[in-house]
Amino acid sequence: MTIWIALKRPAMLVPALLLAGLALVPCVATAVDQPFYIVFFARILVYAIAASALNVALGFGGMVSLGHALFLGIGAYSVAIPAFYGIDNGWVHLAVCIAACALVGLLTGAVSLRTTGIGFIMITLAFAQMGYFVFVSLKQFGGDDGTPITATSRFFGQDLGQPLTVYAVAFAVLCLVIWWSARLRAAPFGMVLRGARQNPRRINAIGLQAKRYQLAAYVMSAVLCGIAGMLLANLTAFASPATLGWVVSGDLIVMIVLGGIGTVFGPLLGALAFLGAEELLKSVTEYWQAVFGLVIFLVALLRTAGLAGLLERLSPHGLVASGDSASAQPTPPAGGTRQVHPEANPYPVAGGGA
Amino acid sequence: MTIQLVLTQLLNGLQFGVLLFLLAAGLTLVFGIMSFVNLAHGSLYMLGAYFAATAYEQSGNFGLALLAAIAGCVALGYALERAAISRLYGRDHLDHVLATFGLVLFFNEMARIVWGPQPYFLPLPAAFESTVDLLGISYPSYRFAIIVTGLAVAVGAYLLMHKTRLGMLIRAGAVNPAMVAALGVDIKLLNAILFSLGAALAGLAGVMAGPIMSIQSGMGEPVLITALVVIVIGGIGSVSGAFYAALIVGVADTLGRAFLPTLLRELASRDVANAAGPALASMLVYLLMAVVLALRPQGLFPAGRTR
Numbered sequence: 525m526t527i528w529i530a531l532k533r534p535a536m537l538v539p540a541l542l543l544a545g546l547a548l549v550p551c552v553a554t555a556v557d558q559p560f561y562i563v564f565f566a567r568i569l570v571y572a573i574a575a576s577a578l579n580v581a582l583g584f585g586g587m588v589s590l591g592h593a594l595f596l597g598i599g600a601y602s603v604a605i606p607a608f609y610g611i612d613n614g615w616v617h618l619a620v621c622i623a624a625c626a627l628v629g630l631l632t633g634a635v636s637l638r639t640t641g642i643g644f645i646m647i648t649l650a651f652a653q654m655g656y657f658v659f660v661s662l663k664q665f666g667g668d669d670g671t672p673i674t675a676t677s678r679f680f681g682q683d684l685g686q687p688l689t690v691y692a693v694a695f696a697v698l699c700l701v702i703w704w705s706a707r708l709r710a711a712p713f714g715m716v717l718r719g720a721r722q723n724p725r726r727i728n729a730i731g732l733q734a735k736r737y738q739l740a741a742y743v744m745s746a747v748l749c750g751i752a753g754m755l756l757a758n759l760t761a762f763a764s765p766a767t768l769g770w771v772v773s774g775d776l777i778v779m780i781v782l783g784g785i786g787t788v789f790g791p792l793l794g795a796l797a798f799l800g801a802e803e804l805l806k807s808v809t810e811y812w813q814a815v816f817g818l819v820i821f822l823v824a825l826l827r828t829a830g831l832a833g834l835l836e837r838l839s840p841h842g843l844v845a846s847g848d849s850a851s852a853q854p855t856p857p858a859g860g861t862r863q864v865h866p867e868a869n870p871y872p873v874a875g876g877g878a
Numbered sequence: 034m035t036i037q038l039v040l041t042q043l044l045n046g047l048q049f050g051v052l053l054f055l056l057a058a059g060l061t062l063v064f065g066i067m068s069f070v071n072l073a074h075g076s077l078y079m080l081g082a083y084f085a086a087t088a089y090e091q092s093g094n095f096g097l098a099l100l101a102a103i104a105g106c107v108a109l110g111y112a113l114e115r116a117a118i119s120r121l122y123g124r125d126h127l128d129h130v131l132a133t134f135g136l137v138l139f140f141n142e143m144a145r146i147v148w149g150p151q152p153y154f155l156p157l158p159a160a161f162e163s164t165v166d167l168l169g170i171s172y173p174s175y176r177f178a179i180i181v182t183g184l185a186v187a188v189g190a191y192l193l194m195h196k197t198r199l200g201m202l203i204r205a206g207a208v209n210p211a212m213v214a215a216l217g218v219d220i221k222l223l224n225a226i227l228f229s230l231g232a233a234l235a236g237l238a239g240v241m242a243g244p245i246m247s248i249q250s251g252m253g254e255p256v257l258i259t260a261l262v263v264i265v266i267g268g269i270g271s272v273s274g275a276f277y278a279a280l281i282v283g284v285a286d287t288l289g290r291a292f293l294p295t296l297l298r299e300l301a302s303r304d305v306a307n308a309a310g311p312a313l314a315s316m317l318v319y320l321l322m323a324v325v326l327a328l329r330p331q332g333l334f335p336a337g338r339t340r
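For the record, the sequence lines run as chains D and R.
Each residue of the first sequence is one higher than the last, beginning at 525 in this note's numbering.
Each residue of the second sequence is one higher than the last, beginning at 34 in this note's numbering.
Don't take every hint at face value.
[Claimed, not checked] If you only want the chain D side, here are some residues facing chain R, beta carbon under 7 Å, derived:
hint	residue
1	588
2	645
3	653
4	654
5	657
6	658
7	781
8	806
9	814
10	817
11	824
[Said to hold, decoys possible] If you want the ones that stay clear, here's a sample from chain D, every Cβ over 12 Å from chain R, calculated:
hint	residue
12	545
13	643
14	670
15	675
Note that these hints are calculated values from the structure, not bench results.
All C-beta atoms, glycine included, are put in the ideal place defined by N, C-alpha and C.
Model the full structure from these sequences, guided by the hints.
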């Protein structure tokens, strides 16, 4: 019963309808013979997964990583490099992807989390840039130009390079990720993580090591982002250093903020709005990035609670004890001078236990 | 590997380091006093180069081009600070990143609209086309002029920060902006001046880089990211830290790219060296940063901040 009551609230209803719509995309696209839409929406699904992954670190954990494209790229190359040597076994690709992302995430996360605030932003950006230059200098895998993937991942005899297959898999993964992050958000682990975002000292004071939780969340976020990269590589049958570009990292942050930071459905809403607006603007003007840049600036300036926050405001409160209510909405910071108490800032960057 | 070659590369590293310092100084000052993360700093560098190229096309005079670029960047920096940046000071870093990320996209696209997608070239000024004789090696005099200018700016910045009233206010503002404002200093004006100063230095760096790199949309971001590495290594908010770190990063990067692949070839097999050499060389600066952070998270030369 409760699920039906929950669905009466726009904050749940709209994302549920969107997911249902996304499930129908392949049927509709096939019916009207427009396979382009399958690829287009598959891209949205993949970016929604990547944004959900970043949301675990950024939204729940307050770690503003400007380098998550690194893991998207590692995921893409963990398909491309085995494929280059003729290995098309998807399980091998997946194992390489998870191992590489976990290792890189653990190493870069351990170093990055030694800093807080602006330092964390810059370091994650620098690590992503490092990955970018590594793949640029690997001339045998196409260097700057990237490399086409001739052997896309195969699972149970199914070729993930097929648009329909990759769409179905991406949709399933996205649903799992949304379900998982809703669980994570309310689980003790997620509570500690969100607590560490607000005040790492208090978390340390009650005997939990905030940094460990943050590092664990960062690694999980990295692996999940890598899986999105793997799907992206299969979708485009191409891996290029451009996937690791710093603009991609920025795009992921924009999607999260646009959708609603720290919320469960925010990344999906954000990815839909971001890539949809991009496609629309592209059809209007060649110079769409100028318009887009200003819009991003305004989103930051107005400091909204995102699309998820908007839906939340349309929903009557107190109907259901949903994990997503008020606490998910950042109240505007107290403005003016720099904050005295850490609590005054709803999203202090990467907590430090100092 | 002769000693001349090493010396030349060392000078090249110094020249790159000095350019990095010009960018990093503005970044670290703006961060130090206003706690503001400015990703759009690289756009000012790019626009400085474009302004100079346009002014040079019109006038044919490099000195005029230099002045035009700096004036343009100061005006733009001031306008940007008043219209956009100053509204974001009280916010958290995520908003700073997001807003300036939007501005970067905007400026890059505007540069493509105004100056077109093809790269621009700024010719060497006539007076600096020759080479100079340094310690027995002949070195392009323009690159030498960059080193001299950069060092002069570093000295000027030191004098400004430590010997003038403005510098005193800047240092005081970095420690406690609310107190400085309470003592009757127009902190808004101070912020705008500081931001414009940073913009002028970024513009200067853009002009000086113009003749040795191609001027194109998006040229600011790679060097901006390296400048971010510099201020992290140097200690965020510290100008002298930015100076030493810029030289370290510039020299390490240049020497790494020049000699690491050959050095690896001595140690490992040819195939391995050819594959890993360039990759390792391009990672060197970031590895340096990771090591510094692992050992000294506050940076090598942290500013003496009380916060």
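Each hint, compared with the structure:
Hint status for residue 588 of chain D relative to chain R: holds, with the closest Cβ pair at about 5 Å, below 7 Å. A cut of 7 Å between beta carbons decides the hint on residue 645 of chain D: the least distance to chain R is about 6 Å, and the hint holds. Hint status for residue 653 of chain D relative to chain R: holds, with the closest Cβ pair at about 5 Å, below 7 Å. A distance limit of 7 Å between C-beta atoms decides the matter here; for residue 654 of chain D the minimum to chain R is near 4 Å, and the interface restraint holds.
Residue-level restraint check for residue 657 of chain D holds (minimum Cβ-Cβ distance to chain R is 4 Å; threshold 7 Å). At a threshold of 7 Å, the smallest CB-CB gap from residue 658 of chain D to chain R is about 5 Å, leaving the interface hint in force. Using the Cβ-Cβ criterion of 7 Å, the hint placing residue 781 of chain D at the interface with chain R is satisfied: the shortest such distance is roughly 6 Å. Checking residue 806 of chain D against chain R: minimum C-beta separation of about 12 Å lies over 7 Å; hint violated.
Evaluation of the residue 814 of chain D hint against chain R yields a held restraint, the C-beta minimum of about 4 Å falling below 7 Å. Hint status for residue 817 of chain D relative to chain R: holds, with the closest Cβ pair at about 3 Å, below 7 Å. Because the closest C-beta pair between residue 824 of chain D and chain R is about 4 Å apart, less than 7 Å, the hint holds. Chain R leaves residue 545 of chain D outside its interface by the beta-carbon criterion, the shortest separation being 28 Å against a cut-off of 12 Å.
With a least CB separation of 6 Å from chain R, residue 643 of chain D falls inside the 12 Å interface cut-off, contrary to its annotation. At roughly 16 Å from the closest C-beta of chain R, the C-beta of residue 670 of chain D stays outside 12 Å, upholding its exclusion from the interface. Distance to chain R confirms residue 675 of chain D as a non-interface residue, since its nearest Cβ pair spans about 21 Å, more than 12 Å.
When held up to the earlier numbered hints, the structure conflicts with 8 and 13 and fits the remainder.
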